[in-house]
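Protein chains: 4
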Amino acid sequence: MGKLRAAIVGTGFMGAVHARSATVAGAQVVAVVGSSPEKGRRAAAAFGVGEGCDSLEDALRQGVDVVHVCTPNATHERFATAAIKAGVAVVCEKPLATDKATAERLADLAAQAGVVTSVPFVYRYYAAVREARARIGAPGHRPPWLIHGSYLQDWLADPAATNWRVDPVAGGATRAFGDIGVHWCDLAEFVTGQRITRVLASFARAVAKRPASGTGELQPVETEDGAVVMFETDAGALGSVVVSQATAGRKNALSFSFDGPAATYAFCQETPESLWIGGRDGNRILLRDPDRSGSPVGRAATLPAGHPQGYYECFADFVAETYAAIRGEDVAGLPTFADGLRAADVTDSVVTSAKTGSWVEIPSR
Amino acid sequence: MGKLRAAIVGTGFMGAVHARSATVAGAQVVAVVGSSPEKGRRAAAAFGVGEGCDSLEDALRQGVDVVHVCTPNATHERFATAAIKAGVAVVCEKPLATDKATAERLADLAAQAGVVTSVPFVYRYYAAVREARARIGAPGHRPPWLIHGSYLQDWLADPAATNWRVDPVAGGATRAFGDIGVHWCDLAEFVTGQRITRVLASFARAVAKRPASGTGELQPVETEDGAVVMFETDAGALGSVVVSQATAGRKNALSFSFDGPAATYAFCQETPESLWIGGRDGNRILLRDPDRSGSPVGRAATLPAGHPQGYYECFADFVAETYAAIRGEDVAGLPTFADGLRAADVTDSVVTSAKTGSWVEIPSR
Amino acid sequence: MGKLRAAIVGTGFMGAVHARSATVAGAQVVAVVGSSPEKGRRAAAAFGVGEGCDSLEDALRQGVDVVHVCTPNATHERFATAAIKAGVAVVCEKPLATDKATAERLADLAAQAGVVTSVPFVYRYYAAVREARARIGAPGHRPPWLIHGSYLQDWLADPAATNWRVDPVAGGATRAFGDIGVHWCDLAEFVTGQRITRVLASFARAVAKRPASGTGELQPVETEDGAVVMFETDAGALGSVVVSQATAGRKNALSFSFDGPAATYAFCQETPESLWIGGRDGNRILLRDPDRSGSPVGRAATLPAGHPQGYYECFADFVAETYAAIRGEDVAGLPTFADGLRAADVTDSVVTSAKTGSWVEIPSR
Amino acid sequence: MGKLRAAIVGTGFMGAVHARSATVAGAQVVAVVGSSPEKGRRAAAAFGVGEGCDSLEDALRQGVDVVHVCTPNATHERFATAAIKAGVAVVCEKPLATDKATAERLADLAAQAGVVTSVPFVYRYYAAVREARARIGAPGHRPPWLIHGSYLQDWLADPAATNWRVDPVAGGATRAFGDIGVHWCDLAEFVTGQRITRVLASFARAVAKRPASGTGELQPVETEDGAVVMFETDAGALGSVVVSQATAGRKNALSFSFDGPAATYAFCQETPESLWIGGRDGNRILLRDPDRSGSPVGRAATLPAGHPQGYYECFADFVAETYAAIRGEDVAGLPTFADGLRAADVTDSVVTSAKTGSWVEIPSR
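Protein chains in written order, with our numbering: chain A, 571 to 935; chain B, 571 to 935; chain C, 571 to 935; chain D, 571 to 935.
If you are wondering where the hints come from, they were derived from the structure by calculation, not from laboratory data. Watch out, some of these pointers could steer you wrong.
Given that identical chains are not distinguished, each listed pair holds provided it fits within a single copy or across any two copies.
Unchecked claim - Below, computed lysine to any residue pairings styled on SDA-like, alpha-carbon distance capped at 20 Å: (1) K573 - G618; (2) K609 - Q632; (3) K655 - S625; (4) K655 - E674; (5) K925 - T767; (6) K779 - H711; (7) K925 - R768.
This is chain A alone, in the form it adopts within the complex (with noise of 0.2 Å):
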């Protein structure tokens, strides 16, 4: 088989990560496709790969095994539905799409076509990630009781900061837990084995105005800033996870916390080649090392120890399997649609447990 050919929709950074990573991945970008003819074309000169096309269908037609949407939010629909009708593989940008309902849909229409779909949650390929994963999962272990965490950024900390999404219109009822939150979701449920059964989340703003995206006048904001969500798992944990996007100093800090009466075990995205391991005797600290025997090694991501990897080589990997699974390939813990759909119904009953101020149940599929 030769290299993957593939197309990017999307001109933005996230179009230009997708590129990269594709091209490392080892396949030939040859379309671009921009929101008019001329960006498209723009893009693929600046990322140094393929041809602008005019259309997704322009760019279909000239024979692409995979498509990546790197497009808004409200549109990844009608590119990923046109791709998968097609019959090629696609990558999607998390979220999904704005509501459950389109996400099950997408859902749906991939696993009838059985195309390999996949959606971003990139810090699942972590090695350190991956290393917790094996670990708790190994026969015997027995499962964390107190599952829990944080994920911090600033970068929305400034009174004066603003970004479409913190309009419900444009990115929807929920703001820092829909953009982050599910990242952290969806590690918990990964690492632990473990699936969320129901939420208690509360939200809160840490900045009340914001200046508008025109007109720089002050609006009331009203999408969270930040959100506390409580939890509980199908093996009886317990669970809560803070997310922030007004915390001074903390600029895209993932970590969690995986507790048993054996073994801990914890995490930051901000120190991604460790891999902290509590136990009542000592802790160990285990880095990254494709060297140690039985420690997980990347598709893409096989850098020696000691010589970070980064969140880049994280998202290569994640590229290089799907093109793997693609290929026919076995692959392990790959986050396909059926991830995404989670994603939405996670967030929906957060959503819904933070207008109630309630439990809500998430729906097991």
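Since chain A is already given, all that's left is putting chains B, C and D on it; use the hints.
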């Protein structure tokens, strides 16, 4: 004024800590009261202070300025009441009482008598904690809007471990929260200056059955190994604390993060010499340093920077401040019986919420 | 100007790293040269770039703008010379040569030819390193007076481990210093702007005998597992670096501390996202942040704060800067063949000092 | 045996530390000797112990078991000699003397008299230090082959700062090394069990002129602000230590790394609760924990894990061990006058080497 004369009631580990701190804080420990005269004598010898006494009354007859109550919780009321009625200051171990009504009675009695009282919420006395409090309380500082953290231990992580506190008859309806969660809440309120107004709590167990104290027979555990508490404050902040006594590898890990748009304050009790202050453009690490201008300086704890003070110095500072109050000096932030009652109020609401699964208000007094 | 056309000479791990970085930096890799045509073809396929070539001459005939030399050290001269004589830019792996005379010849040749050359002292391209350099170099900043650190690895800690570098015939008279010590010295000079003027070195071995490559028979080890080098600089600073390839638990721990009376700068390569800046009244942690005003921003490495960049981005930035220089743009701090020669000079003095046990000057050029 | 009776000679900060530690270790401080009777009385009141005395002779007449000498260095000999001749145990602050000959005289005198002596190389009493020592000394453990670290402070980083120690007449020919470098060397020898056999030292100054104590007039500084010492041991290890009193941001940062092919031990005095143990397949963090089987437990310092002990407990443990030796108990690793003499030997060789720029042997006794 000469040395204060102190009596210690209680012959266990906390009795020893109080005896040591009383000595370091400059008092003369004249009496140690045990549950029998012989026990009192042995403890006095072991602590290297004073004489064993037959009873608190016996000790009071010798003339003491302060009584330290370090006995099991259920007996706090008896000793504290006797001391207050004798017009003598009291340092009473936490919790002040095993129920809210008793705590209220003691706090009222102390207020009427006008004697100095204190309860060892000692973590208030770490320099880093005082530093955070001073900065947050400075004029013009915006209040933290997100208040979170955890208090994690592992001394009950071993399924074979047990303790009298596991039994609700002896230890009360809550174990993990009642023992250590209250410390966290006291610290959060002390540092931020905000009051928790309502809570939503959930309890969990890591171990379903533990050996009974006497027989070693496995018995169902009725008190929680861990708790998650979501809360709101009178300044509109949202909060969360995770509490556990069964997190392998965490010994006494009380951590907090008080998050604001301009500054975030983070601290961990296991490395108490430093305070992390997050800012959007960079983070600062402040080391405890008596020589830094404006640095909080403890009455008893004044080691040069870089010479770690540790838990005992923190405790000694608390006792030294109590003694200063007894001598009529101005002290700021001494945890009194009113704070002990506050902890009883918070605990009571948390227990009720854990039972009902819904939000419970904390009475303001 | 269209895409640069690059050729990679060498089919091993470093060849792969260069191929990847060349692609990410926007070049088209047109040729991969192996020690046999077949090896070149296989590597081209494995790297997913260009075509295998029979020889460098063959590759040059196809028209290339830059040649990456990633072959064993002893062959660097041959390929670099051929490229320079063809008027083509060269990126040559370090060390430039196995002896000082050859390094001098290459540096001279490059200077006369006026082609762009570079040597991957890539650690210069971490944002934290650039940040330290910019601050120390700011007008009025007093030079660090104490310059120290270490570079510790453990890939030769296992007494059963061996490698062609262990043999002085293949690897040269110095192993630990020549391989990694030179990286540390380059970084120290680059960041502080000071030049090491003389050195006093001592070598040591952790393991007396190692298995020979072919036979597995134990043979005395003649190259050092570690080195301590004391030095002085042209600004009057005193320095020390400890180098080791047999320190269990340290994978690639290059650390430095550049100490001054007003500010100290500390960095560790294993956690390269942050720079520690010590001050008498408090310490700062600067996270890499392209959005911070005045923050050094890499040409190729521009991930948002909190998304770790890692080693590959650092490498890609180095290559991108080399390519910018080839396109005639202004670049600051590119490590050229002159820096490769500097490393040969430092190494030569260190080896001499280790033999004589006395101070040895480093020639200034 | 009743309480030991102790006398403190010296009324400054170290006198206070000794008085406190003596009390905590269970002695009765019966006398405080000052340079005048009035100073002794004031110090006794301030320390809250014993009575002021007119002279050491006066104190000895009252019957004491141990004398703590905490006076300026030049007077150590006089007080220590008087105590030893009276057959009384001595705890003498370091350095034992300002020159090697005096240190030798004192060590000989103590040996002949057979009294217990000790010198507060207190860092030996951190649990993490004892843990490293016990592990390295276990049968079959291979000796570390690379021994390195640093001891960094910043109390003389400010060019305006000065101190009597800056003047070689008052403080001796070496300042930074003599004050703190000797602590590091004592710890390295104590933990590894190896002896430094020869040294090569270099001294440097951060600040050329400092204000004179009396006049404030700027005067050339003659003692070193920092030192680099390279060394070898009797087990063939290579070593290096960097010492500084002018490294902005480091308060009392004594750090070591004792490196082996199978295990590396790293420690920092500013966070003394933990010991880092490097291994090829993963690293461990051991927290001080009296409940861990085989964990070193201090005589006086027995706080539960997670409750930081700090510097004072370390000091109190040292004093408690001295007292145990006085009571005839077996103690391991007490730093005696022989160790004080050893420090004088090491210091003397370092000063000589710094002058000559060449290797200098340390006499073995």
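How would you label the pair K925, R768 (within, between, both, or neither) given a Cα cut-off of 20 Å? Classified as both: same-chain Cα gap 15 Å, cross-chain 17 Å, threshold 20 Å.
Since the copies are identical, ignore which copy is meant and state whether K655 and E674 lie within 20 Å (CA to CA) inside a copy, between copies, both or neither. within (16 Å within a copy, 63 Å between copies)
For K925 vs T767, is the C-alpha pair at or below 20 Å within one copy, between two copies, both, or neither? both (18 Å within a copy, 19 Å between copies)
20 Å Cα cut-off: does K609 pair with Q632 within a copy, between copies, both or neither? within (19 Å within a copy, 33 Å between copies)
My question is about K573 and G618: at a cut-off of 20 Å on alpha-carbon distance, are they close within one copy, between copies, both, or neither? Both: 17 Å inside a chain and 8 Å across chains, each within 20 Å.
At most 20 Å between alpha carbons: which applies to K655 and S625, within, between, both or neither? Within one copy, since 15 Å is at most 20 Å while 47 Å is not.
Within, between, both or neither: how does the pair K779, H711 come out at a Cα-Cα threshold of 20 Å? So K779 and H711 pass the 20 Å test across copies only (18 Å; inside, 49 Å).
Comparing the model with each numbered hint stated earlier shows that all of them hold.
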